[in-house]
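Heads up, the sequence shown is in my numbering, so the first residue is 3 and it goes up one at a time.
There may be inaccurate statements among the hints.
[As the list claims (entries may be wrong)] Computed Cβ-Cβ distance ranges for the label pairs, DEER-style:
#	residue 1	residue 2	range
1	62	152	29 to 35 Å
2	35	73	17 to 23 Å
3	134	73	25 to 31 Å
4	73	49	36 to 42 Å
5	92	50	33 to 39 Å
Think of the hints as simulated: they come from the structure by calculation, not from any bench. Don't be surprised by glycine CBs; every beta carbon is placed ideally from N, CA and C.
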Amino acid sequence: MHRLFVALRPPPAIRDALADVMDGIAGARWQDDDQLHVTLRFIGAVDRPMAEDVAAALGAIQASAPTVAISGVGRFGQRGRTEALWAGIVPPEPLAALHRKVDQALVRVGLEPERRAYLPHVTLARIARGLQLEPEVEASLARHASLTSEPFAVHHLVLYESHLGRSGASYEPIARWPLD
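Could you put the whole structure together from the sequences, leaning on the hints where they help?
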């Protein structure tokens with residue numbers, strides 16, 4: 003089985019700027035450069051024939067390269083516990099439109115449609131269950147609330163395979179297609 007997702011990779015200068023804000027929370031599992039991306043659609047575990055269908059469907063997508071910027075930070079969590087920290091992406095509309103195209107292409111090859119609301123972001127850190135880091139999280143969010151970047155274009159749609167391990171996930175780009 004192949005655990006797949008579709009994403010956009012920010013340019014090196016943007017990834018460097020994000021790396022500069024990834025500190026200040028002991029115990030957080032900060033993303034490394036290879037993990038910094040904007041997910042368009044999580045696919046999950048599929049067999050090889052479906053992975054090949056997914057790649058063919060993604061290769062047929064025609065879309066313009068979106069121009070976006072980093073804006074602010076936030077968190078995902080449940081029951082008052084932070085699970086992940088992220089940097090926001092603005093404007094969301096170009097990525098939401100690309101997300102819809104990707105989702106429609108994947109539904110045509112037999113995958114279920116995405117049910118969650120789409121919020122474009124770059125995950126910066128994950129917080130393990132059982133860690134009580136809310137004071138540090140609050141301080142980090144306040145410290146980096148004004149995080150912004152210059153606008154940047156993202157020129158490729160990338161299909162990644164996620165490999166889960168003891169120290170977290172590693173992401174392997176397995177195909178990419180130009181956006182023009």
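Here is what the structure says about each hint:
A C-beta distance of roughly 32 Å is found between residue 62 and residue 152, which places it inside the suggested range of 29 to 35 Å. Checked against the given bound of 17 to 23 Å, the beta carbons of residue 35 and residue 73, roughly 21 Å apart, stay inside it. Taking 25 to 31 Å as the suggested C-beta distance range, the pair residue 134 and residue 73 conforms, at roughly 29 Å. Taking 36 to 42 Å as the suggested C-beta distance range, the pair residue 73 and residue 49 conforms, at roughly 39 Å.
Separated by about 38 Å at the C-beta atoms, residue 92 and residue 50 satisfy the suggested range of 33 to 39 Å.
Hint check: no violations occur; every hint is consistent with the structure.
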